[in-house]
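Sequences are here, hints too, so could you generate the full structure?
Chains as they are written, first to last, in full-length UniProt numbering: chain X, 1 to 245; chain S, 1 to 245.
Be aware that one or more of the hints could be misleading.
Since copy identity is lost for identical chains, a pair holds within one copy or between any two.
Capping the alpha-carbon separation at 16 Å, the derived lysine to aspartate or glutamate pairs in EDC-like fashion look like this [to be verified]:
id, residue 1, residue 2
1, Lys51, Asp233
2, Lys51, Glu181
3, Lys200, Glu20
4, Lys51, Asp236
5, Lys16, Asp224
6, Lys51, Asp225
7, Lys51, Glu234
8, Lys179, Asp204
9, Lys34, Glu220
10, Lys16, Asp225
11, Lys51, Glu238
12, Lys160, Glu93
13, Lys112, Glu137
14, Lys51, Glu94
15, Lys34, Asp224
16, Lys34, Asp225
17, Lys200, Glu189
18, Lys34, Asp235
19, Lys160, Glu94
20, Lys51, Glu104
21, Lys16, Glu189
Source of the hints: derived by calculation from the structure; they are not laboratory data.
Just so we're clear, the structure is a prediction, and the values are computed from it rather than from any experiment.
Number of protein chains: 2
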Amino acid sequence: MLRSQFILFGDSLTQKSFDEGGWGGRLANEYQRKVDIFSRGYSGYNTRWAKYIAPLIFPGSQKVPPQLVTVFFGANDAALPDRLSARQHVPVEEYRSNLQSLIERIQKIGTKNILLITPPPLDEAARIRHNQQQNNEVSEATSIAERTNSITGQYAAAAKQLAGDLGLPVLDLWTAIQKHESWQSRYLEDGLHFTPAGNKAVFDLLLETLRGAFPHLRAENLPDDFPSHKDIDEDDPEKAFISYA
Amino acid sequence: MLRSQFILFGDSLTQKSFDEGGWGGRLANEYQRKVDIFSRGYSGYNTRWAKYIAPLIFPGSQKVPPQLVTVFFGANDAALPDRLSARQHVPVEEYRSNLQSLIERIQKIGTKNILLITPPPLDEAARIRHNQQQNNEVSEATSIAERTNSITGQYAAAAKQLAGDLGLPVLDLWTAIQKHESWQSRYLEDGLHFTPAGNKAVFDLLLETLRGAFPHLRAENLPDDFPSHKDIDEDDPEKAFISYA
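In C-alpha cells, the structure reads:
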C-alpha cells in the first residue's frame with residue numbers, strides 16, 4: 001500500500017463519523033486517492049478504558065507509523081459521577097493525565113502529527129428528553145441531565161491546556177461550536193451526537209485546523225497514488241507505471 | 001490491527017464513493033468497528049491500465065489478505081473508439097480477459113470473497129450536455145455521446161457472463177438501475193456518475209448482493225473490535241481487555 005494513514009481515535013463521536021455526511025467520511029473524501037482514513041472510534045469509551053487498547057491500536061511493530069492521529073475523547077469522561085452514566089465518569093485530573101499517556105503512546109511509535117479535539121458542547125435539555133425516551137420513564141434519575149455543558153467545558157479546557165503544554169495543536173470544539181447560532185438544535189441530535197449539519201461544521205473546523213497546523217499534510221500537497229489517467233500514454237501505457245513497479 | 005479489510009477496486013465510480021452519501025462511505029458506516037474499507041478507485045482507469053497496478057494493490061507479501069474485494073470496472077473501457085474518450089476504450093473481449101486477470105491476481109493472494117460489479121447504465125443526452133460544458137463548445141465531437149448505453153450494456157453482459165463462468169457473484173448495476181423510474185435524472189448527475197440518490201441505490205443493491213453471496217460477512221456476523229463499553233466492569237476494567245493483550 002502506497003498511501004499513508006490517518007487514524008481517528010476516539011469515542012462514539014468518532015465511531016459514528018462515517019454516518020451520512022459524517023466528518024470522518026468527509027475527511028476520507030477530501031483525501032481520496034491520497035490517504036487511508038481509519039476510524040478507531042469506540043462508543044462509550046472514556047480515556048481510562050482507551051488506555052488499554054491504545055498499545056494495540058498503535059503497535060510498535062508497525063513499520064510506517066500513521067502520519068496523523070486525531071485524539072478525540074472527553075464526552076464520556078465528563079459524565080457526572082452521581083447520575084445515569086456514572087460508570088463512564090473519569091475525574092478531570094485523571095482525564096488530562098490519561099490523554100497525556102495516549103499521546104505519549106502515539107508519539108512513541110513515531111507519529112509526529114497529532115491533533116487533540118476537545119469534547120463538543122452539550123445540550124442538557126435534549127439529554128433529559130433523550131434519557132427519558134431511552135429509559136422509557138420520567139423519574140428522578142431521568143429528570144436531570146447525566147452530563148452538563150459547564151462540566152464538559154472543564155474537560156475541554158483541560159484538553160486545551162494539555163495541548164498547549166505539550167506544544168500540540170488543538171481543535172476546541174466546545175468553544176467553536178457554541179459560537180454558532182442555535183447550535184443545540186442545529187448541530188446536536190440528542191444533545192451530544194452530531195446532526196448532518198453538525199458533522200459538516202465539525203469537518204469544516206477540523207479541516208481548517210489541520211490545514212493550519214500541518215500545511216505539509218494538506219491534500220493538495222500529497223501525491224495521488226499512481227498516475228493520473230491523463231498522464232497515461234494510450235499507445236504505451238507501461239511507461240507511466242514503470243517507476244512504481 | 002484486529003479488523004479485516006474490504007478493498008473497493010475500480011475507477012472513478014469507486015474513487016468518488018466517499019462523496020457525501022456515497023456508497024463506499026455507507027459501507028464503511030455499515031461495518032463501523034468491524035472492517036476497514038479501503039477505496040482503491042482510480043478515476044479514468046480502464047481494465048488495461050488497472051492491470052499494471054493490481055500487483056501493487058494486492059501484493060503477495062500481505063500476511064492477511066483482504067477478506068472481500070469488489071471489482072468495478074467497465075465504464076471507461078466502454079468509451080467508444082472513435083469519439084471524445086477514445087483513449088480509454090478497450091475492446092469488450094479484452095475487457096473480459098483483463099477482468100479475469102484482475103480476479104486471478106486477487107485470488108492468488110488468498111482472497112476468496114470477490115464481487116464483480118458491472119458498469120451502470122449511461123444517459124447519452126446528459127453526456128452530450130456534460131461534454132459540451134466541459135469543452136465549452138458545441139461541435140461535431142460534442143454533439144454525439146462518447147459512450148452509449150447499449151454499448152455499455154455489452155460490457156455489463158460480458159462481466160456478468162464472466163462471473164457466471166468463474167462462479168463468482170455479480171451485481172449487475174446496468175440492469176438493476178434501469179428498473180427504477182427516471183433513473184437518468186434521479187441517479188446520474190452527468191449521465192455517468194452517481195447522484196446522492198444514485199449512491200443510496202447502489203449501496204442498497206450492493207448490500208443486498210453482499211449479504212446474499214457472503215452471509216458470513218454480514219455486519220451482524222462479524223465481531224466488534226474490543227469489548228462493548230457495556231461489558232466493561234467500571235470497578236475492574238482490566239478484566240475486559242485481558243484477552244486482547
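Structure-based check of all given hints:
1. Lys51 with Asp233: Between copies only: 15 Å across, 51 Å inside.
2. Lys51 with Glu181: Classified as neither; 36 Å inside a copy, 52 Å across copies.
3. Lys200 with Glu20: both (10 Å within a copy, 10 Å between copies)
4. Lys51 with Asp236: between (53 Å within a copy, 14 Å between copies)
5. Lys16 with Asp224: Answer is between: at 14 Å across copies they meet the 16 Å cutoff, but 27 Å inside does not.
6. Lys51 with Asp225: For Lys51 and Asp225, only the inter-copy Cα distance (15 Å) is at most 16 Å; the intra-copy one is 34 Å.
7. Lys51 with Glu234: between (52 Å within a copy, 14 Å between copies)
8. Lys179 with Asp204: Close inside one copy (14 Å), not across copies (38 Å); limit 16 Å.
9. Lys34 with Glu220: within (9 Å within a copy, 31 Å between copies)
10. Lys16 with Asp225: between (27 Å within a copy, 15 Å between copies)
11. Lys51 with Glu238: For Lys51 and Glu238, the Cα distance is within 16 Å only across copies (10 Å; inside one copy 48 Å).
12. Lys160 with Glu93: within (13 Å within a copy, 60 Å between copies)
13. Lys112 with Glu137: Neither way: Lys112 and Glu137 sit 48 Å apart in one copy and 49 Å across, limit 16 Å.
14. Lys51 with Glu94: Answer is within: at 12 Å inside a copy they meet the 16 Å cutoff, but 53 Å across does not.
15. Lys34 with Asp224: within (5 Å within a copy, 27 Å between copies)
16. Lys34 with Asp225: within (6 Å within a copy, 26 Å between copies)
17. Lys200 with Glu189: Close inside one copy (13 Å), not across copies (22 Å); limit 16 Å.
18. Lys34 with Asp235: neither (27 Å within a copy, 43 Å between copies)
19. Lys160 with Glu94: within (15 Å within a copy, 58 Å between copies)
20. Lys51 with Glu104: Within. Shortest intra-copy distance 11 Å satisfies the 16 Å Cα cut-off; inter-copy 42 Å does not.
21. Lys16 with Glu189: within (13 Å within a copy, 28 Å between copies)
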